[in-house]
Amino acid sequence: MTTLATPPQESEREEAPPAPPSQARRHVGRWILFGMMLCVAVIMLYPFWVMIITSLKSETQFLSGGGFSWLSWKTLTDNIPIFQEVLSSTIVCSASIFVILCVGLPAGFAFSKLRFRASTTIFLGLVSAMMVPLQAILMPEFVNVTKLGLTGGYFGAILVYAALGTPFSTFLFTTYFRGVPDELIEAGIVDGLGYVGVLGRLVVPIAVPAIATVTVLQFIQIWDDLLVGLLFIQNTSERPITVGLAVLAAGRTTSIPALMAGSLVSALPAMLVYLGFQRYLVKGLTMGIDR
Amino acid sequence: MAEIIFDGVTKIFGDDIRAVDDLSLAIAEGEFMVFVGPSGCGKTTALRMLAGLEDITSGSLSIGGRIVNNVLPKHRDVAMVFQNYALYPHMSVERNIGFALKIRGDSKDEIKRKVDEAATILHLNDFLDRRPKALSGGQRQRVAMGRAIVRNPQAFLMDEPLSNLDAKLRVEMRLEIARIQRLLGVATVYVTHDQVEAMTMGDRVAVMREGKLQQVDTPQDLYDRPANEFVAGFMGSPPMNLIRCHASAGNDRVAVHFGHQVIELPWNYTSSHALPESGLEVVVGVRPEDVLIVDGASTNTLETRVERREALGAEILVHLSLLDTTTSSTSDGELSRPVSLVAKMGPRTKVSVGDILYVQLSPEHAHFFDATNGDSLRTRP
Amino acid sequence: MSVITATTKQNAGPWMTLRRRRQFAGFLFTLPALALVIGFIGIPIGQAIYYSFTSWNGLTSQWIGPSTWSQAFHNSNLWTALQNNALLLLSVPFALGLPLCIAVLLHQRVAGWKVFRSIYFMPTAISWVVLGLVAERFFAYQGTLNSIIHFFGFSHTNTNMLGYESTALSALGITFVFTMIGTNTMLFLTGLATLDPTLEEAARIDGAGRWRIFRSITLPHLSRFIQLAFVMTVIALFSALFSLIFVMTGGGPGYATTTMEFLIYQTGFNQGDFGTAALYGIILFVLTAIVGIVQLRLIGSDE
Numbered sequence: 002m003t004t005l006a007t008p009p010q011e012s013e014r015e016e017a018p019p020a021p022p023s024q025a026r027r028h029v030g031r032w033i034l035f036g037m038m039l040c041v042a043v044i045m046l047y048p049f050w051v052m053i054i055t056s057l058k059s060e061t062q063f064l065s066g067g068g069f070s071w072l073s074w075k076t077l078t079d080n081i082p083i084f085q086e087v088l089s090s091t092i093v094c095s096a097s098i099f100v101i102l103c104v105g106l107p108a109g110f111a112f113s114k115l116r117f118r119a120s121t122t123i124f125l126g127l128v129s130a131m132m133v134p135l136q137a138i139l140m141p142e143f144v145n146v147t148k149l150g151l152t153g154g155y156f157g158a159i160l161v162y163a164a165l166g167t168p169f170s171t172f173l174f175t176t177y178f179r180g181v182p183d184e185l186i187e188a189g190i191v192d193g194l195g196y197v198g199v200l201g202r203l204v205v206p207i208a209v210p211a212i213a214t215v216t217v218l219q220f221i222q223i224w225d226d227l228l229v230g231l232l233f234i235q236n237t238s239e240r241p242i243t244v245g246l247a248v249l250a251a252g253r254t255t256s257i258p259a260l261m262a263g264s265l266v267s268a269l270p271a272m273l274v275y276l277g278f279q280r281y282l283v284k285g286l287t288m289g290i291d292r
Numbered sequence: 045m046a047e048i049i050f051d052g053v054t055k056i057f058g059d060d061i062r063a064v065d066d067l068s069l070a071i072a073e074g075e076f077m078v079f080v081g082p083s084g085c086g087k088t089t090a091l092r093m094l095a096g097l098e099d100i101t102s103g104s105l106s107i108g109g110r111i112v113n114n115v116l117p118k119h120r121d122v123a124m125v126f127q128n129y130a131l132y133p134h135m136s137v138e139r140n141i142g143f144a145l146k147i148r149g150d151s152k153d154e155i156k157r158k159v160d161e162a163a164t165i166l167h168l169n170d171f172l173d174r175r176p177k178a179l180s181g182g183q184r185q186r187v188a189m190g191r192a193i194v195r196n197p198q199a200f201l202m203d204e205p206l207s208n209l210d211a212k213l214r215v216e217m218r219l220e221i222a223r224i225q226r227l228l229g230v231a232t233v234y235v236t237h238d239q240v241e242a243m244t245m246g247d248r249v250a251v252m253r254e255g256k257l258q259q260v261d262t263p264q265d266l267y268d269r270p271a272n273e274f275v276a277g278f279m280g281s282p283p284m285n286l287i288r289c290h291a292s293a294g295n296d297r298v299a300v301h302f303g304h305q306v307i308e309l310p311w312n313y314t315s316s317h318a319l320p321e322s323g324l325e326v327v328v329g330v331r332p333e334d335v336l337i338v339d340g341a342s343t344n345t346l347e348t349r350v351e352r353r354e355a356l357g358a359e360i361l362v363h364l365s366l367l368d369t370t371t372s373s374t375s376d377g378e379l380s381r382p383v384s385l386v387a388k389m390g391p392r393t394k395v396s397v398g399d400i401l402y403v404q405l406s407p408e409h410a411h412f413f414d415a416t417n418g419d420s421l422r423t424r425p
Numbered sequence: 032m033s034v035i036t037a038t039t040k041q042n043a044g045p046w047m048t049l050r051r052r053r054q055f056a057g058f059l060f061t062l063p064a065l066a067l068v069i070g071f072i073g074i075p076i077g078q079a080i081y082y083s084f085t086s087w088n089g090l091t092s093q094w095i096g097p098s099t100w101s102q103a104f105h106n107s108n109l110w111t112a113l114q115n116n117a118l119l120l121l122s123v124p125f126a127l128g129l130p131l132c133i134a135v136l137l138h139q140r141v142a143g144w145k146v147f148r149s150i151y152f153m154p155t156a157i158s159w160v161v162l163g164l165v166a167e168r169f170f171a172y173q174g175t176l177n178s179i180i181h182f183f184g185f186s187h188t189n190t191n192m193l194g195y196e197s198t199a200l201s202a203l204g205i206t207f208v209f210t211m212i213g214t215n216t217m218l219f220l221t222g223l224a225t226l227d228p229t230l231e232e233a234a235r236i237d238g239a240g241r242w243r244i245f246r247s248i249t250l251p252h253l254s255r256f257i258q259l260a261f262v263m264t265v266i267a268l269f270s271a272l273f274s275l276i277f278v279m280t281g282g283g284p285g286y287a288t289t290t291m292e293f294l295i296y297q298t299g300f301n302q303g304d305f306g307t308a309a310l311y312g313i314i315l316f317v318l319t320a321i322v323g324i325v326q327l328r329l330i331g332s333d334e
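Chains as they are written, first to last, in my numbering: chain A, 2 to 292; chain B, 45 to 425; chain C, 32 to 334.
Don't read these hints as lab results, they were simulated from the structure.
Among the clues, some could well be false.
[Said to hold, decoys possible] Only pairs whose alpha carbons sit at most 25 angstroms apart, straight line, appear in this in silico DSS-like list of lysine-lysine:
hint	chain 1	residue 1	chain 2	residue 2
1	B	K177	A	K284
2	B	K212	B	K256
3	A	K284	C	K145
4	B	K177	B	K212
5	B	K146	B	K118
6	B	K146	B	K158
[Unchecked claim] To give an idea of the chain A side of the interface with chain B (calculated C-beta under 8 angstroms), a few residues:
hint	residue
7	E184
8	L185
9	E187
10	I190
11	L194
12	L203
13	P206
14	I207
15	P210
Beta carbons: idealized from backbone N, C-alpha and C, even for Gly.
The task is simple: from the sequences and hints, build the whole structure.
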């Protein structure tokens, strides 16, 4: 018992000298807290555990319950066209984000620094579009995009994703640029830039943190989405990974270990982006409320 | 390098907020012109119109003989130093300074040479690779200056460039900016609310208030011959004593009534002012250094009591109240509060609170202003 | 005044003043975003309203009129879906309460809390498609839930929550709560980080206990974050469950897990009744708009 209690005592002393009378009680409290946090961690890690464990079984082993096998990983590409689907996801994701940045940055700059008549009204209108769920306009959207002949390749999905992501991104950029002093823009103008020059040579470089936030948020959003990819990309050979997995799962004919292996592969890029850029994600989520 | 002429320049914000009202002013080649005034007086708006950041509502503005009302900022060939420096955070000092040249399309070697030259003038050579974030306040200020001087423009525009620095650095940079301006000989418009900066830096100073130009003159002339009560009170620290009183001229003397107390000033000293024969209400202005303590009462002394004493080291500021004015009432009851005066005295003057002192207002340095519109009653310089 | 206007006009110069140039540039810069959003969100809203009054199969439409609406409201599927949405709202307190507890736990800064934080947020990065697949494993007959039940000694009890109309919606709700934990914890933790620690100290000096401090200082400070989390959670509930439902239940058994958004998809793409699907879309739009207005108030309140 004493040996167990020693290490945290030392670490605690480094931070702040503990108050003698309640030291023992605080100790117990800390251990209880630690235990609770560990429990939550187990729950939050559960999906990864399921994916890993299940994917390391053959289909028969999965049905019988025991065993270990690399089979589903070896035959992954036979069951799921994983490379092609990851490629599709990547293309759709990056193109959509590119469009969102191209339209969102100038708009955010204009709404915050180049106010014009009715710009506030237009801004509010644009931002409130972020409340419109795609499902509410799904039917006309689908028919429009189909009629425009955009469901053949990636274009339809890219434009729909871009349109859905633009309102929030514009809002985020506008809020960000409001924090940039006007003088910086004016300095550029006096130095001889036009408004396009200011946008390209000052606004974009200054907005790098906001660009990172938008990119991370949209990447996770688009990479993880199902509905748009399901409806607006008609060719099965151009399916993104989530659509591939969902369709296989809904068909209920694919082996579950293979499905789990595919899930793990699909989760990996978003996880990496997420772990690498966590702070941008947090910043983006609380934008507009956290000041 | 060129002359800058404001001709009836007016700026109206919204429907009826006159930020700058009928400003007419000429700034000569190579001149250091300071715009000074309290916040909201229109000095910054005037500067921004010159920079091309604000439209001119009416009137005309010319730089080097060219009317620039509708000329884009980039074609005006002026450089501006902003209050918060507005350094581009994503560029090194070198790129910050050279940015305008790059936009202009100068060659790489040319930019390098000019940036080095500017950096030498500003002692920035060791910092060229740093980002603005890694610089101290004074260094940032220098970079902002560098960005302006590297362009060799027709005019420098500076908007309170020293107000973000601490007091010591401000004094240093004051001299530095003045030195560089003389060195380069470029017409400069410098906006500040600090009258000390205005006095020490400007070849001439334009005092503004509520959008209107009050007076343009050399610092010394502003100090010695303020055109109105506002300028008199604004320039100089501690400010000029401005006291409402009755003055009547006659018999070679001017009698000035402060309630019951009267002083008589010799006519020859006050003849520079158009003082009325019959008693008229005026404002008399006396600078603290012109309030003199004398030994005994006479016809031109005031009896005062010491209310407060501020020792500043090199001098002592003594706050005096005029005795016998509280109960007195002039015809229109103006003097209901005790009249107070500030006197600047030598560091070794022995005064303490409660002392009764007899003071004299140095007659050759007394100023008289119209009590209704504040204009100076001075008739000859 | 008339003199002023006269001189103003006289000296106005060319039409393109500096201010107009700035405004024109501003307008041009917003155009691409506007075009995209109007084209892909604005116009479809109008179309959806129009088509809700028609019989429409995606190719040809025929004007019917208001009777489409009265017909729709007589459709029991619509009411089932609305009821499902309403029942799922019961999960919102859990989707807020659990993250609040977790955030407070993390905020105690126990050794290693940063690692725990990363772990807690990790599922946020995963697609709800994948989480749905995992949840299916959890609730399945041979899944983890039954293993847990067996572990606690009820070896003859077996559940199959997704298989029965009575329990499928609960399983969906539980999964939804799990998926929202990461995001909401993140929000609350940010909120806690902005809490001025001297406030708590002052309260402690005033003799307030832990619970008292939490109720009187921490919670009021978090209220804006809780409101935001509430709105985001409700909106997700109305419009982001598609992936989960598609993977886990396909809306079934029967219509037991068919929510509004899934009903729209089914009506449109499984039954080919585009007109009614558009009509359902309008209903969903109105529902989220109500929540959305609350959020706009929230965001706009400090502008």
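Requested in this report: May I ask you to test the interface hint for P210(A) with respect to chain B, counting a Cβ-Cβ separation under 8 angstroms as satisfied?
Outcome: violated (11 angstroms)
Query - Pair hint outcome, K146(B) versus K118(B) [Cα-Cα no greater than 25 angstroms] - result: Holds. K146(B) to K118(B) sits at ~13 angstroms (cutoff 25 angstroms).
Query raised in the report: Can the hint on I190(A) be confirmed by a CB-to-CB distance to chain B that is less than 8 angstroms?
Result: holds (5 angstroms)
Query raised in the report: Do the alpha carbons of K177(B) and K212(B) lie within 25 angstroms of each other, as the hint requires?
Result: Status holds; Cα separation ~21 angstroms.
Query raised in the report: Are L185(A) and chain B close enough, Cβ to Cβ, to be under 8 angstroms, as the hint says?
Result: holds (5 angstroms)
Requested in this report: Sort out whether K284(A) lies within 25 angstroms of K177(B), counting only the CA atoms.
Outcome: holds (22 angstroms)
Query - Agreement of hint P206(A) with chain B interface, Cβ distance less than 8 angstroms - result: holds (4 angstroms)
Query raised in the report: Taking the closest Cβ pair, is L194(A) under 8 angstroms from chain B?
Result: Holds, about 6 angstroms.
Query raised in the report: Given I207(A) was flagged as interface, is its beta-carbon under 8 angstroms from a beta-carbon of chain B?
Result: holds (6 angstroms)
**Report entry** Given hint K158(B) paired with K146(B) - CA-CA distance at most 25 angstroms
**Finding:** holds (11 angstroms)
Report task. Against chain B, run the beta carbon of E184(A) and see if the smallest gap drops under 8 angstroms. Result -> Holds. Min distance 4 angstroms.
Requested in this report: For the pair supplied as a hint, K284(A) and K145(C), confirm whether the alpha-carbon distance does not exceed 25 angstroms.
Outcome: holds (17 angstroms)
Comparing the model with each earlier hint shows violations of hints 2 and 15; every other hint is respected.
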